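K.L.:
Letter by letter, the chains look like this.
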Amino acid sequence: MSALKKIDPSTKQVPGSSDRLGAVLPKRSFGRSGELVTNLGVGGWHIGNADGESTAQEIIESALEEGIRFFDTAPSYQDGRSEYRYGKFLVPNYRDDVFLLTKTKARTGAEAIAEIETSLARMKTDRIDAVLMHAISSNDDADERRALEVVEGFQKAKEQGKVRYLGFSGHLDTKANLHALEIWGEAIDVSLCPVNAIDPSDSDSFITNVLPKMVEMGVAPLAMKSAAYGNFFTQAVEIEGLDTVPVIPGRVSMKDAFEFVLAQSICCWVSGMDSPEFVAKNAKIAREFKGMDKARCDAIVAQVAAYRDNKEIEIYRRWG
Amino acid sequence: MKLSRREFTRSLGFGISSMTCLALSGCGKRTGISENGNSASAAFPKIGFDGFFVGQRGVDDAQALIETAIENGFHFFDNATTYIEGRSERRYGFYLTPKYRDQIFLQSRTKSRTKSVAQVDIDLTLARHQTDYLDSYLMNSVVPYHRDHQVEMPDEDVFEALIEAKKGGKTKRIGIRTREDTTALQALLKTYESEVDCVMVPNSLSPSDKAIVHCKKHGITVIGAVDREAQPNWLKSGPDAALPQAHLDSWVLSLRTPQEVASFASKAKGLKGGIS
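So the sequences go chain by chain: U and B. Take the first sequence: its position 165, counting from 1, is numbered 165 in the UniProt record's numbering, and each next residue is one higher. Take the second sequence: its position 21, counting from 1, is numbered 21 in the UniProt record's numbering, and each next residue is one higher.
The set of hints was computed from the structure by calculation and includes no laboratory data. Predicted, not measured: the structure shown is a model, and the values here were computed from it. Even for Gly, the Cβ is constructed at its ideal location relative to N, Cα and C. Treat each hint with caution, since some may be false.
[Unchecked claim] Here are the simulated lysine-lysine pairs, DSS-like style, with alpha carbons at most 30 angstroms apart:
| # | chain 1 | residue 1 | chain 2 | residue 2 |
| --- | --- | --- | --- | --- |
| 1 | U | Lys-281 | U | Lys-255 |
| 2 | U | Lys-88 | B | Lys-269 |
| 3 | B | Lys-170 | U | Lys-105 |
| 4 | U | Lys-158 | B | Lys-170 |
| 5 | B | Lys-115 | U | Lys-156 |
| 6 | B | Lys-170 | U | Lys-162 |
| 7 | B | Lys-115 | U | Lys-105 |
| 8 | B | Lys-115 | U | Lys-88 |
| 9 | B | Lys-190 | U | Lys-124 |
| 10 | U | Lys-162 | U | Lys-88 |
| 11 | U | Lys-162 | B | Lys-167 |
| 12 | B | Lys-99 | U | Lys-105 |
| 13 | U | Lys-158 | B | Lys-115 |
| 14 | B | Lys-99 | B | Lys-269 |
| 15 | U | Lys-124 | B | Lys-99 |
| 16 | B | Lys-269 | U | Lys-124 |
[Said to hold, decoys possible] Output of the computed footprint for chain B on chain U, the stretches with three or more beta carbons under 8 angstroms from beta carbons of chain B:
| # | segment |
| --- | --- |
| 17 | 42 to 53 |
| 18 | 72 to 81 |
| 19 | 309 to 318 |
Modelling step: build the complete structure from the supplied sequences, incorporating the hints.
P.N.:
Below, the structure is given as structure tokens:
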């Protein structure tokens, strides 16, 4: 707990440190556990999606060089390719240096137990730091996974030392995330949800509706969709009365958009990064983050408020 | 080793005729197995049902597809671990196996790249299907991904995990799925020929392809897999076009709706053997 005392209240971070691999990014508290994780994490979908193994390896190694120690993935990414690549390029040399998170779409406890075994085998490790129930989409979806005892399956894996933390991800409907937090309560250690500059203006905002509840419960809040699956960079959506430009850099800079994410009550900004250059840019933002006051946050939100409730940009709100 | 396959087939039996046989006297006394080594194909169901759309469609449609397939005589149900991120397997587990496990021939497939993954991936498939055995389990000789052009090669020893699974009673048969280029399959057949019960090939693969010639020579069942994109066209052209060509022992059809299932089944009624 001594580490907690060093947390700077303006950034909610412990300043950057170093380990056997070199300089490490600032760290934040992983919910009520008190464990610390780097404020930036690698999103695994882009590791599996990278064109060729050497590119995937370069992204992983550049992330480590830049001080990232948090790695996300899921067995369903590219039919397992993301996990296999961690098994080839991350785990063999760096397992003890990083926090490793995967997910499962299991609908029964038996399936969850079995799928965790496949994740362990693909990544060539004997333990995973956190496993999330992947993409809870509705109250019914959460209720179904609960009735068929997915969490009980998780807990067996936890008792065997194969998993340390349990949680869920959800990017469709804040009601589903809140329902999941409610029905599973203290069984949930961690949750991954969308956090970006448009979200507070949406009629169904994860930042407004879900993040405070997670903080209250001591659930480690992980941020995803910080650029809406890259659509902030690529989708120039037509909005009445505005120039047709992409959100980044048309409305806000990359730095502003991502500092806004770091300014929220999150412990790790999980970002999909498709090149070592992208890793370096994000890591610089994470390393140099000095906090952002409410007025600045509000100004950034106002800059992109016209894009609210637009599923061409926030495409993850379509993915059931 | 061929003997072992014959013995295995003898003890298993399958298809409608062998189901009857099971009811009357047990399949251990099945006779008439040819001496040319072609025994595995004799017991393999002729027409299979593709599980892809069971995962891809809404849950009500999925149940209707399964029930219509059963009503119309399908009993060979094919699947793959990666279809719709596992949803196809889960839905067989929720809507097919609880009611019909003892009446069906259940096949699934893994995209494992390493032996250690294949050793546990079958347990995941069994858990999703809510059963303790498969009738047939296949590995991919090369691993493609439908959303891009990257193709991966499994390690050379992945098939050994399937051999272990069969010995452990988790699956009755084991085999290999290939794409148009059969180079990797040919290499695997060379190493594991005596252990391979079946191969699954694109139905467009030439009868003179080296892998098919090898399988015919050694009595390995050849299952055709229909190209899902092309299928709607040939479904219209009548039942003959939907039946396995001479070089295929079995054929998995991709029927997208209960209407397509019923339509195909009514056309197949007039054919020798129907859906068997």
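K.L.:
Given the hint that Lys-99 of chain B pairs with Lys-269 of chain B, does the C-alpha gap stay at or below 30 angstroms?
P.N.:
holds (25 angstroms)
K.L.:
According to a criterion of three or more residues whose C-beta lies within less than 8 angstroms of a C-beta of chain B, is the segment 42 to 53 of chain U covered?
P.N.:
Result for this restraint: holds, n = 3.
K.L.:
Against the 30 angstroms threshold, does the CA-CA distance of Lys-115 of chain B and Lys-105 of chain U hold or violate the hint?
P.N.:
holds (23 angstroms)
K.L.:
For the pair we were handed, Lys-190 of chain B and Lys-124 of chain U, check the Cα-Cα distance against 30 angstroms.
P.N.:
Since the Cα atoms of Lys-190 of chain B and Lys-124 of chain U sit roughly 29 angstroms apart, the hinted pair holds (cutoff 30 angstroms).
K.L.:
Is the hinted pair Lys-269 of chain B and Lys-124 of chain U satisfied, with a Cα-Cα distance of at most 30 angstroms?
P.N.:
violated (51 angstroms)
K.L.:
Decide if the proposed pair is consistent with the structure: Lys-162 of chain U and Lys-167 of chain B, CA atoms, cutoff 30 angstroms inclusive.
P.N.:
Cα-Cα ~27 angstroms, so holds.
K.L.:
Holds or violated: Lys-88 of chain U with Lys-269 of chain B, Cα cutoff 30 angstroms?
P.N.:
Status violated; Cα separation ~52 angstroms.
K.L.:
Can the restraint linking Lys-124 of chain U and Lys-99 of chain B be considered satisfied, given a maximum Cα separation of 30 angstroms?
P.N.:
violated (37 angstroms)
K.L.:
For a C-alpha distance cap of 30 angstroms, please report whether Lys-99 of chain B and Lys-105 of chain U respect it.
P.N.:
Between Lys-99 of chain B and Lys-105 of chain U the Cα gap is close to 24 angstroms, so the pair holds against 30 angstroms.
K.L.:
Check the hint pairing Lys-170 of chain B with Lys-162 of chain U against an upper bound of 30 angstroms on the C-alpha distance.
P.N.:
holds (24 angstroms)
K.L.:
Run the distance test for Lys-162 of chain U versus Lys-88 of chain U: straight-line Cα separation, threshold 30 angstroms.
P.N.:
Holds, at about 19 angstroms.
K.L.:
Compare the distance between the alpha carbons of Lys-170 of chain B and Lys-105 of chain U with 30 angstroms, and conclude whether the hinted pair is satisfied.
P.N.:
holds (23 angstroms)
Taken one by one, the earlier hints fail for this structure at numbers 2, 15, 16 and 19, listed in ascending order.
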